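Asker: Residue strings, one per chain:
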Amino acid sequence: MKAPNGILAMLSVVLSVPLTGCVTSTIQEVREADTGMEAHESIVVLGRRTLPSTQETEFGFVDCVTRNMRGGSRGIKVIDEDEFRDAMFPWFEPRTAPANTSDLPEIINQPNLAKRLEELGLRYLVWVEGDTDRTEAGGSLTCSVTTAGAGCFGFLTWENDSSYEASVWDIRSGASVGKISSDAVGTSYMPAVIVPLPFIARVRSSACNSMADQLKTFLTTES
Amino acid sequence: MREERLSNQSARRRSLQLLALGVVLLLGGCGGASVSVPPALPIPLVDRLPLAMGIYLSQELLDYAHQETIEGSGDWTIEFGSAQTLMFDNLLGGMFDAVRPVAAPDAPGGDVDGVLAPSIEEVQFSTPDQTRSDYFEVWVRYRFQLYGRDGGLVGEWPLTAYGKANARNYGMNSREPALQAAALAAMRDAMAFFTVQFRTVPAVQGWLSAELRGSDTLTIRGSS
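Protein sequences appear in the order of chains A and B.
Counting with the working numbering, you get residues 1 to 223 for the letters of the first sequence.
Counting with the working numbering, you get residues 1 to 224 for the letters of the second sequence.
What the hints contain is simulated information worked out from the structure, not anything from laboratory work.
Since we're looking at a predicted model, the values are computed, not measured.
C-beta atoms are modelled at their ideal positions from N, C-alpha and C, and glycine is treated no differently.
Misleading hints may appear alongside valid ones.
As the list claims (entries may be wrong) - Derived list of chain A stretches under chain B, where covered just means 3 residues or more per stretch with a C-beta under 8 Å from a C-beta of chain B:
id : stretch
1  : 28-40
2  : 57-67
3  : 110-120
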């Protein structure tokens, strides 16, 4: 009867420890023009789905930036990516999406599309590129299950590297107003003596939080 | 005490049986997938052509399913047929003033200016295991036939659509949702490609200029 209580006690200690690895993040901003938003205006954050690139930005990152920009005291209106692509279909599909700001006037000068953009209150398009990769991994961990019980032994470590860049286009002027890059590197560890104890470096989440905060400041602060 | 020990042994045995069952289910779930394109296709935002377009969807198209067995990877099925009605209703509904289903492309009746008869010629797909990437990819080759108001064939052209989906976006058991997302992306690509290509197909241009004689709506994006 004591063993289960012991395991429960160990698990409760494990769960109460903040299990995070270290993350180093860097944010850089290049401003090309003045920005600012009125209360009724909104933005959209879009992942580049360029054909045939396989370096596609994860949905989770775009969702995270969208969610974080909506929240907080300086929250701004951010249109959902799928909702925007459907509303503007087919002009933001991988085959048809504007690759550069020079392609933008062709879209925003079309009466139908301009009217839809106005209905959406869209002021800025934020294109996000980049992804998170595992750059290094090492160690070994073995788990076994016997009639006497189950347990793991070993040590794992891995490093994740996030690198994202957001390009901000002003729909009103049809020009690029700046770029923000967010990079984060972190190493996660998982020692295991019977119970694996993961120390996860939340690399992508860190890159997302930094980018969302910087974008909010960038878009709402008039320079 | 003895009863308690027996009860513990029994619970442990049950846990092991459940674990073994879980492993079997996990391994059993490692091969193949069966998906259908979800009914979530948008309406294109373009200026509508002032024409009534007939649409003929053959039973073969409405039943179209791609089935393939990949050695070591199981049986795969992508069912496209059930999405075709919505796809062409939305696609043509966004492009033309009126869309009417017809019973036969070469006998459209008097209330349409032309009839579109699409068919799927070929489907291919690849899995992340095959391409050593994170992506499911789907290619669909359509063939479109355009018939005039008199039932005569105006022209035909192929269209190859492509869709991909990153399996990493769909968590641990990503086969079905990622393959479905890739198939949906291919359908959206077919709609996007059709929308921008339609007015540039030589046979269509001839038909349009005859039908729209006196009208000024022949630009691709149709600014009014």
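Asker: Okay, which hints does this one fail, numbers in order?
Answerer: Failing hint: just 1.
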